[in-house]
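Novice: The task is simple: from the sequences and hints, build the whole structure.
Residue numbers (the numbering used here), protein chains in the order written: chain A, 1 to 245; chain B, 1 to 228; chain C, 1 to 67; chain D, 1 to 177.
Since no wrong hints were added, every one of them can be taken at face value.
Derived contacts from chain B toward chain A, CB cut-off under 10 Å, selection only:
#1 172
#2 173
#3 174
#4 176
#5 182
#6 186
#7 225
Treat the hints as calculated values from the structure; they're not laboratory data.
Don't be surprised by glycine CBs; every beta carbon is placed ideally from N, CA and C.
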Amino acid sequence: MWKWLHPYAKADRAYQLCNTLLPYFAVVTVVCMVVGWVWGLAYAPADYQQKDSYRIIFIHVPSAILSMGAYSSMAIAAVVALVWQLRNAELAVIAIAPVGACVTAIALITGAAWGKPMWGAWWVWDARLTSELILLFLYLGVLSLYHAFEDKKAAGRAASILAIVGVINLPIIHFSVEWWNTLHQGATITKFDTKAIDPSMFWPLMLNIVAFAAFVGTVTLIRLKNEILQREKHRPWVRQLLNRG
Amino acid sequence: MQRQHSYLQLFSAVCKKDLQLAFRQRAEIVNPLLFFLIVITLFPLAIGPEPGLLARMAPGIIWVAALLSTMLGLDKIFRDDFHDGSLEQLIASSYPLPLTVLAKVLAHWMITGLPLVLLTPVFALLLNLDSQALVATVITLLLGTPLLSFIGAIGAGLTVGLQKGGILMSLLVLPLYIPVLIFATSAIDTSTMSLDYSGQLAILGAMLVVAIISAPIAISSALKVSVS
Amino acid sequence: MQFDSFSDFIAMGGYGFYVWLSFGTCALILLGILFSSLNDTKRILTSVQQQADREQRIKQAKQESQV
Amino acid sequence: MQLAGPNGAGKTSLLRIIAGFAAPDEGDIFWHDSSITKNYDEYARELLFIGHKTGVNAQLTALENVRFWLQIQGYDDNQDLYPLLAKIGLVGLEDVPVRTLSAGQQRRVALLRLWLNDAKLWVLDEPFTALDKAGVAFLQARFVGHLATGGAILITTHQDLTTHFNDLQTVTLEYRH
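Specialist: If you want it as structure tokens, here you go:
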């Protein structure tokens with residue numbers, strides 16, 4: 001792993017790698033998202049119980065999955081940053097965090113908008129929504145810690161430590177909230193029934209999950225490029241970049 | 001100059017210093033307790049004094065108040081050492097930093113957590129808790145407040161170098177307190193129904209063990225970042 | 001196509017408000033973070049360019065004062 | 001070795017990197033051919049660092065401060081410290097809180113460690129700050145003693161050293177934009 005990663009420890013190589021990967025991610029995002037949204041909104045059959053309101057799951061479920069996924073990738077980057085002292089991994093932590101926070105916010109908003117017609121209230125203390133809200137707090141914590149530091153080198157490491165602490169706590173939080181929920185509310189709330197999902201709904205959902213993942217990838221790459229440029233802006237290779245473009 | 005290598009000496013020295021300092025400025029011990037008391041007084045005034053309602057809400061009130069008053073003292077745990085340079089001396093000592101940190105957190109708990117546990121019977125009277133629930137409250141506080149100190153110290157370590165670290169620290173730490181809050185209050189709730197609450201206590205205990213082992217490592221790396 | 005007409009599509013069987021609210025805010029947030037990131041790239045590159053220009057001017061001024 | 005250079009040249013930053021508190025942007029620090037980041041505990045045993053912030057707690061007394069430092073460094077703390085405190089000019093001030101002392105006296109409390117360690121390498125950031133002439137001379141005499149036993153000293157200072165040191169090397173850092 002070390003041997004494979006090593007060339008990308010150099011900032012300019014990492015920058016180039018981002019540039020190479022970016023178009024692929026962008027194309028996948030655009031194609032999957034356009035097809036996924038049109039399919040989900042217009043062509044997928046309506047749910048026999050929830051009617052057309054269920055179409056919200058085509059963005060709610062992907063954003064909920066990606067909010068967790070982005071947090072775990074952020075934590076992995078943080079571990080790499082602290083164990084192997086890779087500066088670029090620190091930058092990746094900071095590049096992912098805002099994207100993850102946005103996806104988490106989407107999961108919350110769509111969850112509320114789906115909940116209003118289903119439960120009659122914008123917000124209920126459902127286990128998933130509550131976990132999602134706490135996840136948003138964790139993201140915001142990482143971001144505000146990073147921005148509070150003057151010295152960005154220390155900021156990156158502090159944010160990485162917090163990300164790791166968060167990811168250790170996340171399963172505990174999730175489990176405790178789930179347990180708390182069953183204790184206090186029982187089974188009065190119908191959750192998304194994901195067990196018996198019809199293929200006509202499953203495929204557009206998968207497509208949307210891929211689209212969200214690719215979107216998170218795309219924006220993370222753009223932000224990672226920004227962070228690398230920002231940190232390396234006095235280096236000659238950044239100057240050469242300007243002359244070329 | 002002969003050096004001996006005694007972890008016990010280091011541990012007691014660090015612990016003793018913090019306790020000594022706290023006893024010299026007694027406000028450090030008294031103020032969080034007063035804060036705790038005032039918060040608890042506010043609740044009956046806000047929601048009404050019916051004994052039944054208060055008893056029902058007491059676990060939640062006590063725990064939220066405990067959480068907030070721990071936060072008050074947390075800001076101080078590394079701040080003085082950071083500003084006078086003692087933290088650098090502790091890092092540059094030949095002892096492992098996590099051990100030093102463990103001693104400091106323990107001292108912090110003895111200053112803020114322990115008095116809270118000892119005074120719970122008084123607070124329980126104010127909130128109309130019966131004796132069964134009182135026992136449960138004391139046990140959960142005994143297991144839970146050290147956890148609060150450990151988790152909080154991570155946040156304190158990360159923010160000690162910042163000018164306005166106090167409020168940021170609360171933002172970082174409070175979400176991490178949620179599991180402690182849930183299990184502790186549920187243990188007390190269960191006890192009021194005369195049911196067995198050893199399960200919740202076991203989970204709290206397990207979390208405490210994990211925190212004792214892993215939090216000092218996280219805290220020391222956080223402190224190293226803050227010092228750099 | 002599940003809907004008979006465009007107005008049916010907008011109405012979403014009576015749930016139109018919630019569905020379009022979700023998709024709308026989702027699109028808004030996604031585009032927002034995308035464009036702010038792209039904007040950051042531009043801003044950083046401009047600042048690098050400005051710094052390069054500044055150094056160029058200092059160099060020039062030094063040369064002129066020597067001549 | 002003396003580290004010189006104007007304000008903002010990075011003297012303190014360099015000392016902090018050498019002491020292992022901050023990580024260098026590039027490169028590494030080696031002590032006895034091993035990287036200090038890898039073997040920090042061993043390195044720390046041979047290092048004595050006194051920075052701008054001296055590590056003296058203002059609420060504690062001089063005696064308590066020195067005792068605490070001895071304990072966290074693993075030295076014997078039961079020795080009689082009064083003669084040493086008197087030698088450094090703190091006679092009669094041993095058991096009052098340090099915050100009531102003057103800046104120079106507080107500095108002396110920190111510098112007392114120079115007489116109480118077996119570290120090879122001393123890294124001192126502006127040790128002469130706030131000291132009077134007699135104090136500076138006294139400190140330099142201690143430097144001579146440390147060097148005579150084969151120790152190394154790395155200091156930053158704006159003052160000229162008044163004592164003559166045989167193998168004094170001065171490294172000057174320049175301010176770079």
